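Undergrad: From just these sequences and the hints, can you work out the full model?
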Amino acid sequence: MSGSSTSLKTYALTRLALVVPMVLILLTLVFLLMRVAPGNPIAAALGGHVAPSVIKQITHQLGYDKPLYVQYGNYLWGILHGNLGKTITDRRPVSSIIVENGGATLELTVAAGLVAIVVGVVVGLLAGRFRDSWIDVGGRLFGIVAYAMPVFFLGFLGQLLFGVWLGWLPTSGQASPITQAFLPIHTHILIIDAIWAHNWGALWDVIKHLILPATTLGIVIGGVFIRLVRVNVIRSLKDDYVEAARARGIGERSVVYRHAFRNALVPVVTIVGLQMALLLGGAILTEETFNWPGIGSTLVTYLENRDYAGVQGIVVVFALAVVVASLVIDFVNAFVDPRIRY
Amino acid sequence: MAVATATPRGIRRRLVGPGLRRLWSPVAETQGLARVMFVTGATITLFFLVLAFFARWIAPYGFTQYQAHGHRFAQLAHPSAHHLMGTTVESDDVLSRVVWGAQTELKVVFLALVLSLLAGVPLGLVSGYFSGWLDRILVLVMDALFAFPPLLLAIVIAFLLGSTVSSGVVTAAIAITATYVPQYFRVVRNHVISVREETYVEAARALGARPFTIISRYVFFNVVQNVPVIATLNAADAILTLAGLGFLGYGVQPTQAAEWGYDVQRALSDATNGIWWTGLFPGLAIVLLVAGLTLLGEGLNETLNPVLRRRRFGRIDFGPIAPGEEERT
Chain A
1 MSGSSTSLKT YALTRLALVV PMVLILLTLV FLLMRVAPGN PIAAALGGHV
51 APSVIKQITH QLGYDKPLYV QYGNYLWGIL HGNLGKTITD RRPVSSIIVE
101 NGGATLELTV AAGLVAIVVG VVVGLLAGRF RDSWIDVGGR LFGIVAYAMP
151 VFFLGFLGQL LFGVWLGWLP TSGQASPITQ AFLPIHTHIL IIDAIWAHNW
201 GALWDVIKHL ILPATTLGIV IGGVFIRLVR VNVIRSLKDD YVEAARARGI
251 GERSVVYRHA FRNALVPVVT IVGLQMALLL GGAILTEETF NWPGIGSTLV
301 TYLENRDYAG VQGIVVVFAL AVVVASLVID FVNAFVDPRI RY
Chain B
1 MAVATATPRG IRRRLVGPGL RRLWSPVAET QGLARVMFVT GATITLFFLV
51 LAFFARWIAP YGFTQYQAHG HRFAQLAHPS AHHLMGTTVE SDDVLSRVVW
101 GAQTELKVVF LALVLSLLAG VPLGLVSGYF SGWLDRILVL VMDALFAFPP
151 LLLAIVIAFL LGSTVSSGVV TAAIAITATY VPQYFRVVRN HVISVREETY
201 VEAARALGAR PFTIISRYVF FNVVQNVPVI ATLNAADAIL TLAGLGFLGY
251 GVQPTQAAEW GYDVQRALSD ATNGIWWTGL FPGLAIVLLV AGLTLLGEGL
301 NETLNPVLRR RRFGRIDFGP IAPGEEERT
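As given, the protein sequences belong to chains A and B, one line each in that order. Residue 1 is where the first sequence starts when you use the numbering used here, and the numbers rise one by one after that. Residue 1 is where the second sequence starts when you use the numbering used here, and the numbers rise one by one after that.
What the hints contain is simulated information worked out from the structure, not anything from laboratory work. Note that this is a predicted model, so its numbers are computed, not measured. Each residue gets a CB set at the ideal place from its N, CA and C atoms; glycine is no exception. Any given hint could turn out to be false.
Far from chain B, some chain A residues (derived; all Cβ distances over 10 Å) [said to hold, decoys possible]: (1) Ala17; (2) Gly63; (3) Leu278; (4) Pro293.
Partner residues are not named here, just some residues of chain B that face chain A (Cβ under 7 Å, in silico) [claimed, not checked]: (5) Leu140; (6) Ala144; (7) Ala243; (8) Val287.
TA: Below, the structure written as structure tokens:
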């Protein structure tokens, strides 16, 4: 509001300070959700396979027999030190899940995000520019169908068409077994690893595996972008500065492409940020559809095994990812747009 | 020279029309795309409502029925005269599962919408009207819930409920509710905050009306106008969430009801063998219903939202201005 007195730095610091209660509440919510359910989580995960005495011992080992507030304290303390706990079923540290499976999820979501931005911005701009024309009708229809399309159904169609009938693309996994066996792993983002190793055959293999999942997720997320970009364009084409530009005798092309589109695209940064949650949610389904070895499909495995610690750890990771993403987006926005200040 | 080819009849009718006609008039006045969208969306939604209500008579078989007249259906049979959409690997009739699925989806979504309205609207009203420490806490909690990927929240809740309560329509509905309460809360609360300062609310307060009376009589009806649009669009979203839950094996159990998302998940393994009918039809049903509800919601939005609305006034054509005519008007 009071533009001159507050700087970008104060904004950044205030925004950063506001993250703390947000994260605390998120963590508390996750903890409450996971512990409010009655029953012993250890028994739920291992029940039937292990003797009751062993369950009791593991329960004690993992601290599940302590009072709830002690557990809560330990949980927060652990997270503060970067320790997200270990899964119950396979005793895997959650941090290693982030490192090993996070790369695959990052690869998928970044690629899908790029597809979504390209699809959303191009179709949205055209539909908004030529409002009520057949381009608009087509673009909006595409947007609605893309939005209405469950990720996994589009994946099913893609697998059927490009995987089975045309045989062009692989339908499952992040790379073929031979690539996975011989590619030295540094980052777990296989594209980067392949470039790192100068292994172009592996790079092509990895890209081929990525095309179908990334396009599937990207188109579905892009469907949401189309609507928002379109509305933005329509709004900015009605704005005073566009009218003013026209009045100054600037050509219609220039008015639309240089004045209206540019301003219509500024909020797209925010839009992309807001869709982070959607992108991550979609990633869970996409990974499950294409057997993509990311965090989402790992989560589904732990859900199936009733591994409360695993589920809790991954949910915390997802929540933190969304918070961090929205923080970054707000910073970028504040940097771009001087009107955004506290 | 100046000729107005149409009178703005819409305005007069809107002012005069009482009750239902007044509710309908904004719809009747819309034109072009908004109207097409509204009508298409309403038709599709109605179609699925009919399927859901009359599933018992429309579906040729039950949703887990794998035999009739004493002999078992063929497994993975192509669509044919006997089974219009083919059969699954369990010999279920795909058409029947699609029809019964409509009932499941609409049941869950209806229940979820009612639950989230019942929770979200009152919370938003109270929080926005009183705006004390309660408001601050609620806003923080709702914002935190909002930060979760909706599907993830629904999965976790379905997972927790599934391990204690048996999973079914109600479980799925509760899981979906949790993802929409923050949204209603936010919209209603923000609207209440602006309405609270209006003169008529102040007048009511000056007359000594109690907060409950003010909220229920003055604030509520002014705030609730946004809800139909959001509810319709949320219904579309809720179908996707439910299908996502079903796809992952949560929410409605396959033995209790037919669920489209679950069916597509089962069909993924068929796809590698080139079998398309087990996944295509339930998937198309999801797309069609979600698109229908979205069209209905967007059509409603363009009709009810004055910023987007373009009424059918008819073209007012003033004709070309003859030289020297400007001065005479």
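Undergrad: Work down the list of hints and note, for each, if the structure agrees.
TA: Comparing the hints with the structure gives:
1. Ala17: 14 Å, holds
2. Gly63: 20 Å, holds
3. Leu278: Not fine: 7 Å to the nearest Cβ puts A/Leu278 too close to chain B.
4. Pro293: Label holds. Min Cβ-Cβ 17 Å, cutoff 10 Å.
5. Leu140: The hint holds - B/Leu140 has a Cβ within 7 Å of chain A, the shortest such distance being about 6 Å.
6. Ala144: 4 Å, holds
7. Ala243: 5 Å, holds
8. Val287: 5 Å, holds
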